[in-house]
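Asks: Chain by chain, the residues run as shown.
2 protein chains.
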Amino acid sequence: MSGYDLSRFAINQITTPKWSMPQAIEGYVSQGIPGIAVWRNFLDDHGVEATARHLRDAGMWVASLCTSAWVNETDPARLRAAIDTNKRILDQAAAIGAPCVVMVVGGLPAGSKDLGAQRARIHDALVELAPYARSVGVKLGLEPLHPMYCGDRSAMNLITECNDTIDALGDEATSLVADVYHCWWDPAFERELRRAGPKRIQTFHYCDWLVPTRNLRDRGMVGDGVIDLPRIRGWLDDIGYDGPFELELFSEIDWWERDPAETVRIAIERCGPLVAPRK
Amino acid sequence: MSGYDLSRFAINQITTPKWSMPQAIEGYVSQGIPGIAVWRNFLDDHGVEATARHLRDAGMWVASLCTSAWVNETDPARLRAAIDTNKRILDQAAAIGAPCVVMVVGGLPAGSKDLGAQRARIHDALVELAPYARSVGVKLGLEPLHPMYCGDRSAMNLITECNDTIDALGDEATSLVADVYHCWWDPAFERELRRAGPKRIQTFHYCDWLVPTRNLRDRGMVGDGVIDLPRIRGWLDDIGYDGPFELELFSEIDWWERDPAETVRIAIERCGPLVAPRK
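If you're matching them up, the sequences are chains A and B in order.
The first sequence: position 278 = 462 (my numbering), numbered continuously.
The second sequence: position 24 = 208 (my numbering), numbered continuously.
Hints listed in this document are in silico derivations from the structure and should not be mistaken for laboratory results.
Mixed in with the good hints, there may be bad ones.
As the list claims (entries may be wrong) - Within a straight-line C-alpha distance of at most 30 Å, the following computed DSS-like cross-link-like pairs (lysine-lysine) qualify:
(1) B:K271 / B:K202
(2) A:K297 / B:K463
(3) B:K297 / B:K271
(4) A:K383 / B:K297
(5) B:K297 / A:K463
(6) B:K383 / A:K297
(7) A:K383 / A:K463
Claimed, not checked - To give a feel for the contact side, a few chain B residues facing chain A, derived at Cβ under 10 Å:
(8) D298
(9) H330
(10) D336
(11) A339
(12) N341
(13) L458
Since this is a predicted model, take the numbers as computed values, not measurements.
By construction, the Cβ of each residue, glycine as well, lies at the ideal position given by its N, Cα and C atoms.
Between the sequences and the hints, there should be enough to build the whole structure, so can you do that?
Replies: Right under this line is the structure:
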């Protein structure tokens, strides 16, 4: 094994998309990684019960279920359906022991340019989902997405806004999913991590920002980019954060093309020093 | 001609990179566009005096000179040289009648991951350049660049920060260059345009955000993307802004490959309604 204490380390399943759910579980555990962030497509393929059983048998913990259904619908019936789908996703999360569903809420609705209306729609959807999330014991994990995804993937783009929403909806229903890729550039990043505090930070995502960045799914392996990860890890220790560290790589033209076992091996080498327990 | 009142309309020269300076001047004027934002590479090729004469003879006004030299240098001598270069660029702007130099200040220095130090370096450079800018009557045009350029092109990414800097350095030395591409996603965009007010907004850049966006130089022609430009134009009218509207397209795989005369023709069709004088 690696020699690193990996007890806080999870791999986000989207990092190894060539692997099915069983392959990912076995692939991570066999190299000593105890945590996983589950994606819905792999969960649906393998089935919720089979996945829950496999995770238990493998002794893995689950950092999160990724991701929510988009709520970028202007038609009331379709918006209602999206909210109901999110309740079913919260149920799935509960069934596999995931403490949160990562809320990636969609960008602008098709044919709409009204960003303010979409942000209001997102807020209203979260308000409606909060009691349900509390009732099933799974949090709405608010993840600010990089502003370059505002048009399509999520119009919730600033960590400050997510903290405001957690203030409004309470930390029994909501939590913060912070990702260096989305937030590293934000002058408010450190301040808002401190504002959230150890209780509200649900899970923390690592990867790196490449220079140059070739497309909008070109995240770098930890150490290959320009983000000062040791400094950020230092903030988290100072805050008292003791939750998971996840590696999440969207990498169409590089890591997604590689042998997943090799990706996991390199992930451990690179992330090992950054996922150690607090001293 | 187009039938639109184009008196406030400029094309930013990077939109038609196949054209030399004389070709751009003639190409814009021949279709009725009176304004230009000048780029240094074309200016250096044609020469400052020749360009100034050509612009005068053509009856064109200049929105800005693009762009400043990057100040992302950790070596004191190299940083000093970059600041001196920026003084020469301010001189060039004065010589061609450009009211501002667009400050694109560089991302992280080579080999550095210290974003806080780079932001302090940017601030110090602006503080040092401000008296010189005042002395030559050319403003430091602070342009917040989209967060996706923080790693390489500019670590000055939020309109709020730029307004803070203008507050600190004064509006005789500094002004705001606002671009929908960089700011459209920002929940603070409208508020900060109002905060800047008509006096501090130097020039206003149009283009569009494409969904999908294929790489980091894939800006869309006005109307081809998801930005609500009529709404934003409405804010500017409400504020009392009466300065230039510029089209600026970075578009490696589309518009930069086209015939520039065709780009200008389409630009007029698309931008015409959005550049009219205030009623």
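Asks: Any hints this thing doesn't respect? Which numbers, in order?
Replies: 13
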